[in-house]
Amino acid sequence: MELPKLNFQETFDFKFKRDKDKFFIYDLVRKTYLLLTPEEWVRQHWIHYYLTVKSYSTSALITEKKIVLNGLTKRIDLLITEKTEPIILIECKAPKIKLSEKTFEQTARYNSIIGAKEIILTNGLQHINAYYENEQYQFYRP
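Under UniProt numbering, the first residue of the sequence shown is numbered 1, with each subsequent residue one higher.
No lab work stands behind these hints, which were simulated from the structure alone. Be aware that one or more of the hints could be misleading.
Claimed, not checked - With beta-carbon atoms standing in for the labels, derived distance ranges:
id : residue 1 : residue 2 : range
1  : Gln136    : Gly71     : 37 to 43 Å
2  : Arg18     : Asn70     : 38 to 44 Å
3  : Lys98     : Lys15     : 16 to 22 Å
4  : Glu82     : Asp21     : 19 to 25 Å
5  : Lys117    : Arg30     : 23 to 29 Å
6  : Lys54     : Thr103    : 31 to 37 Å
7  : Ile67     : Pro142    : 23 to 29 Å
We put the CB at the ideal spot given by N, CA and C, even for glycine.
Sequences and hints are given; from them, build the entire structure.
This is the structure:
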């Protein structure tokens, strides 16, 4: 399987397995193998980044959390917490998905439920970072 090189300075030690024609990647948070989709490839980079580079514990990372938004059940991709408080909401898209105002607004809507101080919208190649201050998002480059 050909996986795109993502925009991370670090290289991570991923575990893969194959079952017939499907590939799976090991998720350190859920401690299981997950189907390797383009979006999952991006999410796993962020998980490894926060565990190995930022030294967060696996208990501080929450994946696929269900939220209810306008009566519809949605799932957030990755939430970084500190002492159970939501700190960073990360919304992952497949590398081929262009990041736009529309995709950022989706992330901001999810965060209206979560209440994280920061959001990251990423397709693995491009990352959009924003802090939520004074009831608006302030974009920044890390």
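Hints that the structure is at odds with (numbers, increasing) = 1, 3, 4, 6
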